[in-house]
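Undergrad: Starting from the given sequences, assemble the full structure and let the hints guide the process.
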Amino acid sequence: MSFEPPIEQVKGKIREMIVGEATRVGGESTFPFHLWEGGMPNPPVVAMEVYDEPQREWPEAVRKVYEDVMDDPVAWAKKCQDEFGADAIALKLQSTDPNGTDAPPEAAAEIVKNVNSAIDIPLIIYGTGSPEKDTEVLKKIAESLPDDNILIGPVEESNHRQIGAAAMGYKKPVIAFTSMDVNLAKQLNVLLTQLGVPDDKIIIDPTTGALGYGLDYCYSIMERDRLAALAQNDGKMQMPIFNNVAPETWKAKEAKVSEEEEPTFGDVTTRGILWEAVTATSLLLCGSNVLVMRHPEAVKLVRKAIEGLQEQAKEKIAS
Amino acid sequence: MALSGLQIFKLLAKTNCKECGFPTCMAFAMQLAAGKTELDKCPYVSDEAKAALGEASAPAVRKVTVGAGDLAVTVGEETVMYRHEKRFENMPGIGVMITDEMDDAQVDGLLGQLKEQQFNYVGRTLRPRVAAVKAADGAALAALAAKVDAGSGAALVLMHDDAGVLQAAAGPLKDKKPLLYAATEANFDAVAGVANELEVPFVIKSDSFDKLAGLGQKALDGGFKEVMLDPASGSLGDVLMDQTLIRRAAIKKTLRALGFPTIGFPCNMTDDKMLEAVYAAVFVAKYAGIVILSDLEPARTLPLLYLGQNIYTDPQKPMQMEQGVYPLNEPGPESPILVTTNFSLTYFTVSSEVEASKVPAWLCIMDVEGQSVLTAWAAGKFVADAIAPFLKKSGIGEKAPHKKVVIPGYVAQISGELEEELGDGWQVQVGVREAADIPKFLRQWSAN
Ligand code: SF4
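Those sequence lines, one after another, are chains X and D. Last residue of the first sequence: 319 in my numbering, with the numbers rising by one and none dropped. Last residue of the second sequence: 448 in my numbering, with the numbers rising by one and none dropped.
Hints listed in this document are in silico derivations from the structure and should not be mistaken for laboratory results. The structure displayed is predicted, hence computed values, not measured ones. Positions of the beta carbon are idealized from the N, C-alpha and C atoms, including for glycine. Some hints here could point you the wrong way.
Claimed, not checked - Keeping only pairs whose Cα atoms sit at most 25 angstroms apart, straight-line, the calculated BS3-like set for lysine-lysine is: (1) X:K186 to D:K86; (2) X:K253 to D:K317; (3) D:K286 to X:K13; (4) D:K253 to X:K316.
Claimed, not checked - Computed far set for chain X versus chain D, every beta-carbon distance over 12 angstroms: (5) K11; (6) G12; (7) R15; (8) T23; (9) G39; (10) V74; (11) N114; (12) I119; (13) D120; (14) D147; (15) N159; (16) A165; (17) G169; (18) D234.
TA: Written out as structure tokens, the structure reads:
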């Protein structure tokens, strides 16, 4: 019997965004890793998290990896770059949290500068999700690093004008954050582009759900995002996707509860690493372009998954 | 082969009564022809029509049951490519490879895990259910299969190239519906013969789509319904490609010859156990029916079982928590009382923030059919005259008699009314709108 492979070519293409000097994100003209029927020129980027305040409350599996650098974001970033081979650094400005230290934008900008000059890989800056404070902080950062192509976010509907304007002024790409809804994501893209932010300087943050904690929603939202962009050729959805994997997965009880407390759950370190790696791998399959991760072993596994997914015996379907 | 929509229509009642959920019999017939609905949705199908429609009415991916009893696994019956289009029906069975090269202790350990390992997730029990059994010859396979069956009750996959060996092992266990692995181009007739005689399901295997579809057609022509496919994927990329093309051929091209669920062996793809779990995740997310691992370490099976549940949960029916009072961080009589809805995501975000705060608290989860706070409020379900009786019946008043309850910030407007409904000296406090602000709120909360 001769089998005619049901190949599907799509009309749409994800825009290619440049972060840092020349790191390309997105650009695929097919569904995630469907290399047998389309192109995916830039494999997904694995960024690693760095915080500007020590995270001593973290589960032990990740705390002990960073214990020696927790008080120094520069050393932390270098460790991720040099020891763990991160593709990018995602610097989380915890110190600016209005419910925490509430550090002023100037102080945050100083930290960003120091981290930026210490690394050669692209830098991503992520605020605390407080719309007012993020506006001040991200504006200041854009201003004080006018020549560096750093990716900044989150930009929400409520502060898109202010951050959008700063990003345009200093040519910074932005992370457009909406909460788990295809239409809201599109609406924010429309608002940002109407403001004048170029299409290829926006990446979608659809809200990441961890395994067991909303992954099902996130997975389907992202599948629908990619269907809209690729199959329906919707230009306002053709931005790459950004997933903040680490904070969600390491919050999950199953990733951190000790074996003493839950004897049937097995080794806690293995479990934590896999919670992050399995969540990230699932997100690769529904269209992630940038994964922000924490545990170096999970990073290694996800890299191997990215490599493995690109190995396809296309001759199997050649006729 | 499959009937066309028109051919099916001719066999229906043609009353357009709509009970099937479609506006007309014709619409139903078209959907049925495309494998997107099931014949039993129409209560008015005659027996003759049923027989005639048997083939056409099977779902695009056929249903296969492996095993019998508590650990039986039913897979297939799938009708869509993407879960949001409707839902994925049958979660993959997760299992383990057991061979005659393992020593007794190893085998016993695995049987113990098959028997006992189970996890509770949002009110569901998740557990590994399958044992793939491999041995050198008929006697060894029969002995090991019998031992695995007696020791675990797992759904069995019996593995050998020789149909005679499969027959020797499967014969005594035929009532347990073991899955025979595998019929290939070389041994199809012999293995299919055993499957036919014992009335058990079997796998067809080939790394060529042409051959796989050819064998699938042969199985259909032979009247077999319970068949699974192994495309023998060589790499992780091949897993994605093979699983996607098989599912697409079945659903979009209604190619019945590939309209069967698949089985996959991440255990054979790498020696790195962590990587094996990641490979298995790709099988689980991408359509596989049975996934065989090299062991059952709970720290590795747990994420895979959760993933199966997440992917196969019905997107139209939000996952719901059971109504009740959830103690977090070991609360006492002085601890704050929070109330919110039973939408699973609401529960997850609120409970994880409360846990992160380390402040002991009582979380009262009210059944509003799985809606979020604002949706349930708008639908009149999360409102004062519903919340008050729920709180009173929940027994929270005895656990924490301070008579103060915190409501989500999004429904601040109901606080006055809720205080009235509760009466009896209750005070309603308005909490925060965003879960991220919960820790700060709780740290500042005091009962007085
Ligand atoms: S339930 Fe049966 S008879 Fe009624 S409309 Fe549907 S197909 Fe026709």
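Undergrad: If any of the earlier hints don't hold here, list their numbers in rising order.
TA: none
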